[in-house]
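2 protein chains.
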Amino acid sequence: MTSNQVLSEIEYNVVGKRPVRPDGVDKVTGRARYGADTNQTGTLQAKVLRSPFPHARIKSINTSKAEAFPGVRAVITAKDLPLASLSKAELGNEYAGLKAASDHMLASDKVLFKGHPVAAVAAVNAHVAESALALIEIEYEELESVVDVREAMKDGAPLVHEDLRTNDMGVTADKPSNVATHMSYSTGDVEKGFAEADLVLEREYTTATVHQGYIEPHNSTAFWNSDGQLNIWTSTQGTFTVRASVANVLRLPVSQIKVTPMEIGGGFGGKITAYLDAIAAVLSKKSGVPVRALMTRSEVFEASGPAPASWMRVKIGVKNNGKMTTVETDMAMDAGAYPGSPVMQAIVCAFACYDVENGKVDGYDVVVNKPKTAAYRAPGSPQAAFAVESLIDEICGQLKIDPIEFRLLNAAKEGTRRIEGPVARRIGLVECLEAARNHDHYKTKLEGANSGRGVACGYWPNRGFQSSVVMTVNYDGVVSLIMGSVDIGGTRASIAQQTAETLGIAYEDVKPTIVDTDSIGYTFITGGSRTSFATGWAAIDAAEDVKGQMISRAAKIWDTSEDDIEYVNGGVSHKSDEELKFSFKDLARQLATTGGSITGRSSVDPTGEGNGYAVHIADVTVDPDTGKTDVTRFTAIQDAGKAVHPSYVEGQMQGGAVQGIGWALNEEYFFDDQGKMMNPTFLDYRMPTSLDLPMIDTVIVEVANPGHPYGVRGVGEAAICPPMAAVGNAVAGATGHRMRSLPITPGKILEATWENGKG
Amino acid sequence: MTSNQVLSEIEYNVVGKRPVRPDGVDKVTGRARYGADTNQTGTLQAKVLRSPFPHARIKSINTSKAEAFPGVRAVITAKDLPLASLSKAELGNEYAGLKAASDHMLASDKVLFKGHPVAAVAAVNAHVAESALALIEIEYEELESVVDVREAMKDGAPLVHEDLRTNDMGVTADKPSNVATHMSYSTGDVEKGFAEADLVLEREYTTATVHQGYIEPHNSTAFWNSDGQLNIWTSTQGTFTVRASVANVLRLPVSQIKVTPMEIGGGFGGKITAYLDAIAAVLSKKSGVPVRALMTRSEVFEASGPAPASWMRVKIGVKNNGKMTTVETDMAMDAGAYPGSPVMQAIVCAFACYDVENGKVDGYDVVVNKPKTAAYRAPGSPQAAFAVESLIDEICGQLKIDPIEFRLLNAAKEGTRRIEGPVARRIGLVECLEAARNHDHYKTKLEGANSGRGVACGYWPNRGFQSSVVMTVNYDGVVSLIMGSVDIGGTRASIAQQTAETLGIAYEDVKPTIVDTDSIGYTFITGGSRTSFATGWAAIDAAEDVKGQMISRAAKIWDTSEDDIEYVNGGVSHKSDEELKFSFKDLARQLATTGGSITGRSSVDPTGEGNGYAVHIADVTVDPDTGKTDVTRFTAIQDAGKAVHPSYVEGQMQGGAVQGIGWALNEEYFFDDQGKMMNPTFLDYRMPTSLDLPMIDTVIVEVANPGHPYGVRGVGEAAICPPMAAVGNAVAGATGHRMRSLPITPGKILEATWENGKG
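Those protein sequence lines, which keep their order, are chains W and C.
Each residue of the first sequence is one higher than the last, beginning at 2 in our numbering.
Each residue of the second sequence is one higher than the last, beginning at 2 in our numbering.
Next comes chain W alone, as it looks inside the complex:
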């Protein structure tokens, strides 16, 4: 049991309650249909041939033996993608982007990471396809590879892309490099700030490549019909994003592609990129029948997008009273094989918990011979929080200031300006810190030998973006809610709740359905902690459309003006004749005879997303003999704005904390000298299980987001930011050793202990 504490501001009828989840029965009975459950008659199975080298030139590919293998229906290579027949001149500015996207799906001239797709086979079953892969003859010229972000930045490092030139704040460098982008933002006078400080500390931090570890591997089934219509069934965080990605690589208009979302077994940002869809599509076009592609777990590790490894330098100046005067960081993140790490978000989030006058942040997006990194829950922010929150803990130690008091003194609040510009509206960090200070966990004295307690903050801006919702009123008064947002963490419920709240009807009277890209307007991914906020907003707006039409029907029935009628308490009433009123259900029963069904619709692109803050408290015990760290107590506190469905919010907070603890203590990609991952299975890639962890206690803080009708902020991501530093700070307390490299493995602790003569 958790000792949940909800600090609520406004009481709603449905929002804030904990109703039954609409997808619950299907998921617990095994009836929910995930991507791998697509089963159209005659579907072929696809297998992808992947590069065994982290870096090599493709000299030749011979697929003829594979094509001749009995049971094989189609074999494709990059030559089957449109890029192969498009000239650089033809594409102009589009060329670089298309080549990266196309080569990422199927490599043309070079392979850039172990696991990089080179060819694919569709056959009558997976075994035949697998056998055929072995018959594809590829001549490679192996190239020197680089997998470490700092090594990759050095002059003379092997170049992942021969023609990549650094974009340095809009200026393109003269010579090629592995640094795709350098970005830099500052405010105030950093040098003056350091000069005014009583204490200046500067440290370096590194984090390892880690994977989201969703249970369900990537999958896609495609059928390219002979009329040109391409149908894709896949589990994804964003059907419209898959549609756009495939349209881009295959040079199709988006409307020629229909993407149908299957249930999704976890995403955490990793199921946004479309890895298999275009491959399955082209195999389908070539074979004339549906083709299904599934990744194995090893393929997921080696060829989907993990979170980037990072190197970070942080420097902070403070007064003796704890007031921060200046902050500064350089952060370099590995983007993997193609540019696009989340380093921008890292430097933006790094100091977003603090109100500091002077600051400078520099970020470096660096390509290496590893799988292209992808989003992973608050992408970029967890690494940054580990560095910054670890250094602040060290400062608190030196100044002997309570870490919560220190953070309260410096906390960002309404009006605080982030280094790169945006000014905070009403935010809840102070309230979270106060909840932490007042929590039984923090007030309980830490006991036992080799124990430590750590505190850390985390920040995620949250997102808005476009969402569409349609809803229709059934004649029994139940509202069908149609949306394009796939449900990963409970958005069927949270959008249904906002719909019910707005209409003043019961949650059970809203029936949510997630539809394909042909059946709803554009809807951005479920990600960025945006869905309950933005799709919720669309639902509220569509419900208002319904309310207006309900008023108009009542006006028709009562033969009066719409202006005389108001929508109140889940029904309509005549403003001046109190005899005249309908409940929602009673009026719904009259729709059939007053013009037919009512359909409400909305497409929104809301700004006003509320920033999310989290504060975590971690207690650990470190075994001095083995170096093993046990998390003994953990409390996650977070501002939800308004927790639409508190159980789901708690789940998000607990899930983020657990993933962060895994990142802190266990998880990392091990690469050998040749840049091959040595642990691409769940046996060797060690994620925490429930037996490794205490119950994650949660406190939902609710500081309403002024940018949403119900104050919703979005809660999916902030919770993964603090745990690494909270655990690291606790380990420092327990061992006296400050660990600045993730994961904090037993080996690293023992090494530190031995070095310091304590072992």
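No lab work stands behind these hints, which were simulated from the structure alone.
Take the hints with a grain of salt, since some may be wrong.
When chains are identical, the list treats them as one kind, so a pair holds in a single copy or across two.
[Stated by the list, open to error] Calculated cross-link-like contacts (lysine to aspartate or glutamate; reagent style EDC-like; alpha-carbon spacing at most 16 Å):
id	residue 1	residue 2
1	K28	D228
2	K557	D606
3	K286	D27
Go by the hints and put chain C onto chain W.
Quick look at chain C alone, frame taken from chain W:
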């Protein structure tokens, strides 16, 4: 090749063109998924045990042996339906309706026709289910049966329902009878009209029970989830009707049921009634897994709903100049086992082609021990047209007036009042008759021995009713069109055309999708020739909603008032600044940055359906030795209002004509003395094939319906009304014998010939 002649009034850009059908590729490649193609893992197969007797009391049912049979997962009888546990008192006025609906699905106390469902089994496969049926022990008490409509009306006839009392224009009779309803309408002074006539003829006519003969048998797959949600996949003319029917019998709120439409292999009115859905649902509830039920062809004949057999007396008075003074008819139609024949439509349509001052029509809805009849293309009207148009032909012969001139003289036109009340708006019968008179077919002299030519008219009022449409604008400018109307005869195309026309975009830029009952507002059946009219109207309305929003986006981009902008020529323009304009596609590309997608929506319940008229000309040759009639030339002329997609309209006209010719010459249910159908297969139930027929020539007349923006009337049904009389009139010409009983078989012709000493 047809020599189609289209008499068009207005030229549109898309409406009236013949674009490629959206479902064409799937249907010709065999990829379209029909009801029997549902294939969820673990689906059980259902078989229905049907009564071997036309009329019997069920004394007892013992299912225990069937339940114990290996592989059987569920056995149900009427005891498993809610009716079994509801009291008559509890249900009050609802009781009779519910009992009929429930008993029709699964008989409780009595079986009323051979084929009446009594029990059903779900098993691991169809063979096991079939075997288990044989193990169900039923004790019947056979009752005397009645299958002929006139016999059933007699005093002392066996009572199909012991408690059925005639509703005679609102008055309930004292004693039970097989006549469920008597309806009567009159206008003017009928006796005076007859007195003024120079010629009065009175004749009796009969028609046989005939079947729609759709290729695809009935089917339903149901899954009753453990959360109470019932999912049904079926091929049906109306998903919302299936939903309502199942909800009624199973006493569920409609919103607890989701009906997903599969492709439909023909309906013609026969796929409106839900025969298998509740059975599959209850078997699924009992077994916990999906259950699929499929009818065999014999089950379709014996237990779905054919068109009623009829007896009709018609009496007409005319002046010597051909002007009709009075009309009168009694029509009795067999409803089958439960009340509800289309006799009301029969008497309404009977004289609707004519403008006569005095008239009286009486209709009798009669129950018999045959399967409950269902709608069949213009239900009721073909039988009535056979009678009336045959008698008019006889009158024309006696008066020596050309049959087209006679009809032109008496033709209904704008302002003509039907006997039961409604007054015609602008209609196109005169134009159809003129087109017939001017057609090469009619102007070409009939040649050859034993040949005859017949002319006849037909009428169908067409329907409106509720439809919902949603459409969203993709960022590439293609509009996704979402609707609840299933596509039987081309409505994907015709609704897409009206959408494109209204938006001023290309047909190819509209992508239609038919969705389930949870994903669109209430939409009535595809039937009644309503879909292109009413769903088309909804599409036009939703497109107007889109246009308004497109204007609003342009206003945002140009920072001007919406009032300054107009939507013209498939785009938006500033009214006073001709530099400012966007094509639809160009503006669509800007939606992402101006607020997201645009969704248009509409639910309509339009009145203003335009009445449909058809005139057919048939040439036949009758072999005097065998009595076999060959149709040698056939021309179908019809007012489409506006033919949205002329190829489909021609298809409807040809299909209606061919079905009518089958009805005229070949098709009938043969019953033995015990009321068992003797020919329940396509080998013995003889439908015309392409080898039996000439090309059906078509002329589309277009007299715009003032009740629809593009003048659309609806075209699916009027074409089946004239053929029986046209063929019968031609046979009369060829043989000198007036055939007043359908079908006009070789045997009947030979008998008539022999009786008259010609043979």
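Cross-check of the supplied hints:
With identical chains, the CA atoms of K28 and D228 are at most 16 Å apart between copies only, with a shortest distance of 11 Å across copies and 35 Å within one. Taking identical chains as interchangeable, the C-alpha atoms of K557 and D606 lie at most 16 Å apart only when they sit on different chains, with a minimum of 14 Å there against 33 Å within one chain. Proximity of K286 to D27 under the C-alpha cut-off of 16 Å is restricted to the inter-copy arrangement: shortest distance 15 Å between copies versus 33 Å within a copy.
The earlier numbered hints are all upheld by this structure, with none contradicted.
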